[in-house]
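*Asks:* Here are the chains, one letter per residue:
2 protein chains.
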Amino acid sequence: MGTPGHDSDLLQPLLDGDRRALARSLTLVESRGPGFRNLLRGIAPRLGRAHRVGVTGAPGVGKSSLVAALVATARNNGMSIAVLAVDPTSPFTGGALLGDRVRMTDHVGDEGVFVRSMASRGALGGLSTATGDALDVLDAAGFDLILTETVGAGQVDVEVAHESETTLVLFAPGAGDAIQAMKSGLMEVADLWVVNKADDVRAEKVRADLVGSLSLHEPPDDLEERVVLTSAKDGSGVGDLLEKLCARRAELESSGARGDLARGRIRRRLTAAARDLVSERLLGSAADSLIDAVVTGERSVHDAAEDILRTDDGGRS
Amino acid sequence: MGTPGHDSDLLQPLLDGDRRALARSLTLVESRGPGFRNLLRGIAPRLGRAHRVGVTGAPGVGKSSLVAALVATARNNGMSIAVLAVDPTSPFTGGALLGDRVRMTDHVGDEGVFVRSMASRGALGGLSTATGDALDVLDAAGFDLILTETVGAGQVDVEVAHESETTLVLFAPGAGDAIQAMKSGLMEVADLWVVNKADDVRAEKVRADLVGSLSLHEPPDDLEERVVLTSAKDGSGVGDLLEKLCARRAELESSGARGDLARGRIRRRLTAAARDLVSERLLGSAADSLIDAVVTGERSVHDAAEDILRTDDGGRS
Numbered sequence: 001m002g003t004p005g006h007d008s009d010l011l012q013p014l015l016d017g018d019r020r021a022l023a024r025s026l027t028l029v030e031s032r033g034p035g036f037r038n039l040l041r042g043i044a045p046r047l048g049r050a051h052r053v054g055v056t057g058a059p060g061v062g063k064s065s066l067v068a069a070l071v072a073t074a075r076n077n078g079m080s081i082a083v084l085a086v087d088p089t090s091p092f093t094g095g096a097l098l099g100d101r102v103r104m105t106d107h108v109g110d111e112g113v114f115v116r117s118m119a120s121r122g123a124l125g126g127l128s129t130a131t132g133d134a135l136d137v138l139d140a141a142g143f144d145l146i147l148t149e150t151v152g153a154g155q156v157d158v159e160v161a162h163e164s165e166t167t168l169v170l171f172a173p174g175a176g177d178a179i180q181a182m183k184s185g186l187m188e189v190a191d192l193w194v195v196n197k198a199d200d201v202r203a204e205k206v207r208a209d210l211v212g213s214l215s216l217h218e219p220p221d222d223l224e225e226r227v228v229l230t231s232a233k234d235g236s237g238v239g240d241l242l243e244k245l246c247a248r249r250a251e252l253e254s255s256g257a258r259g260d261l262a263r264g265r266i267r268r269r270l271t272a273a274a275r276d277l278v279s280e281r282l283l284g285s286a287a288d289s290l291i292d293a294v295v296t297g298e299r300s301v302h303d304a305a306e307d308i309l310r311t312d313d314g315g316r317s
Numbered sequence: 001m002g003t004p005g006h007d008s009d010l011l012q013p014l015l016d017g018d019r020r021a022l023a024r025s026l027t028l029v030e031s032r033g034p035g036f037r038n039l040l041r042g043i044a045p046r047l048g049r050a051h052r053v054g055v056t057g058a059p060g061v062g063k064s065s066l067v068a069a070l071v072a073t074a075r076n077n078g079m080s081i082a083v084l085a086v087d088p089t090s091p092f093t094g095g096a097l098l099g100d101r102v103r104m105t106d107h108v109g110d111e112g113v114f115v116r117s118m119a120s121r122g123a124l125g126g127l128s129t130a131t132g133d134a135l136d137v138l139d140a141a142g143f144d145l146i147l148t149e150t151v152g153a154g155q156v157d158v159e160v161a162h163e164s165e166t167t168l169v170l171f172a173p174g175a176g177d178a179i180q181a182m183k184s185g186l187m188e189v190a191d192l193w194v195v196n197k198a199d200d201v202r203a204e205k206v207r208a209d210l211v212g213s214l215s216l217h218e219p220p221d222d223l224e225e226r227v228v229l230t231s232a233k234d235g236s237g238v239g240d241l242l243e244k245l246c247a248r249r250a251e252l253e254s255s256g257a258r259g260d261l262a263r264g265r266i267r268r269r270l271t272a273a274a275r276d277l278v279s280e281r282l283l284g285s286a287a288d289s290l291i292d293a294v295v296t297g298e299r300s301v302h303d304a305a306e307d308i309l310r311t312d313d314g315g316r317s
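Chains Z and E supply the protein sequences, listed in that same order. Going letter by letter, the first sequence gives residues 1 to 317 in the numbering used here. Going letter by letter, the second sequence gives residues 1 to 317 in the numbering used here.
A hint or two may mislead.
Stated by the list, open to error - What the simulated footprint calls covered on chain Z by chain E, stretch by stretch (three residues with Cβ under 8 Å from a Cβ of chain E suffice, anywhere in the stretch; the number is not a length):
| hint | stretch |
| --- | --- |
| 1 | 12-20 |
| 2 | 31-43 |
| 3 | 46-58 |
| 4 | 269-280 |
| 5 | 294-307 |
If you're looking for bench data, these hints aren't it; they were derived computationally from the structure. Note that beta-carbon positions come from the ideal geometry of N, C-alpha and C, so glycine has one too.
Build out the structure end to end from the sequences listed, making use of the hints.
*Replies:* If you want it as structure tokens, here you go:
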């Protein structure tokens, strides 16, 4: 099936854990460059190893600091970890996101850590397609844990949550609130709620309020368990959070829920990918002739739509 | 191409102007019943005759009364006319719409008038697909003029406007306003603005305000021409409006703009129809096996998406 080309050289090094091949693979997949479908075809049999975790919450809750703390804790526990930072507001890698990454320089030269910013606005084929493909590439590269961090701006976060197996929604004293998160649909997709900045005296009040709001919608028995207090500053609670993440991963696996999540995710991605293909073909010259055929009455709209789906552009990667 | 079936009997009578065949054809197309694609294929060479006019405006502006007045005036001028009333809020033919149609009983037995309510909420394949298909059926039945009346609820009206060659946006003293219409994007799709209830003393003020608002966005030279005062009550201005509609139709034809409008409309419908096909196929059993193949790593998401598009369910109409 594979078309020969210079990017076919990426597959084996990527699977072997080569970090340069990983970076180039992500660029290839994000840009829909020549050979990206071949690469994704090549990694398909190697997926499903990583635990895919989404991290979101309103601006100011300290997402990036908590992610950095989780990275350090995961490394101390011998887990390899990748971070994908999705910024839908920026066409290029945003300054703010990169700035927050400075603390990650602790891990420079550590092959067990990989950080990547993804600018979703420029992503061809839509955000969830781009995120899903990038997560597949990171998964194939062998990471134990992949954190996808989003900016907490609503719809994007919900979409990214759908690409995750576990979603953390963060809160902090003085930033965002449960009502806002409820409105944006984030509460429904959350698996664990994190109150960050536990070193702040108001954190306990935020936690109590959060448990109060949640008890209206969630079964109360495991609610205290699923709300975690952390401090990225002094590191308290971060180990507990990582433990909960590992426990959830094991639970998903043993209950069979992990397979169900994968099926739901793949159905969603399949729909998006099929729609992207349709849009792509509607931009091609074959579509123009089909439109002509409908205008002149040679074809009906529905027959032309079947033709669009049947269009095979063969040579494409 | 055609699959034999009892509904293949509809095509010839429909094209010959049989009103019972027309009613059955509309039901078939709205319900996506067996043979609907055959029927649309059969009428494809017979399209493009009718002038497709959208009529919209906020509740209370008197759309249905004006439509009834236009019907009477068109008949007096020897034009055949069909009315498609689209009500997105009702799963079935709405009582209100039917109530307004009572005055249409003037035309009972007149083969030159045809009125149909379409409940878009229940329409399979989305509103614009259903409306476009119904308009094609009415066009093939040989009407000179087809009025599509919508409830003035925003997005639906804009979608229906996209299915029209000419869009009238109605105003009236005490109902709706230009600001509201601007917000919903209706002003941009309007070709003619109608101030109805001209018998009301406040109508002239509404007209002046409307011209004032419009002059901020529209070329002022033909603005007075494009704002029409009508009274469905005493019939004043309705003849003028019909004349303007006919003049616009002639102008669209001679300038070549009519063909451009058709191409734009067909591109939009083709996109919607292709997406509907994708959604349909994703509900089929072939999609389930493809999802399994992706879960087990036999196929990539993108290859499975190509497979979905390639799926041929042969026997379907």
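*Asks:* Hint by hint, say whether it matches the structure.
*Replies:* So, going through the hints one by one against the coordinates:
As drawn, the stretch 12-20 of chain Z meets chain E at 0 residues by the rule of a beta-carbon pair under 8 Å; below three, the given contact is violated. A stretch counts as covered by a chain when three or more of its residues have a beta carbon under 8 Å from one of that chain; for the stretch 31-43 of chain Z and chain E the count is 4, and the coverage holds. For the stretch 46-58 of chain Z, the proposed coverage by chain E is satisfied: 3 residues have a C-beta within less than 8 Å of a C-beta in that chain, meeting the threshold of three. By the rule of at least three residues with a Cβ nearer than 8 Å to a Cβ of chain E, the coverage given for the stretch 269-280 of chain Z holds, with 10 such residues.
Judged by the Cβ-Cβ criterion of 8 Å, the stretch 294-307 of chain Z is covered by chain E as claimed, because 12 of its residues qualify and three suffice.
In terms of the numbered hints stated before, the structure departs from hint 1 and from no other.
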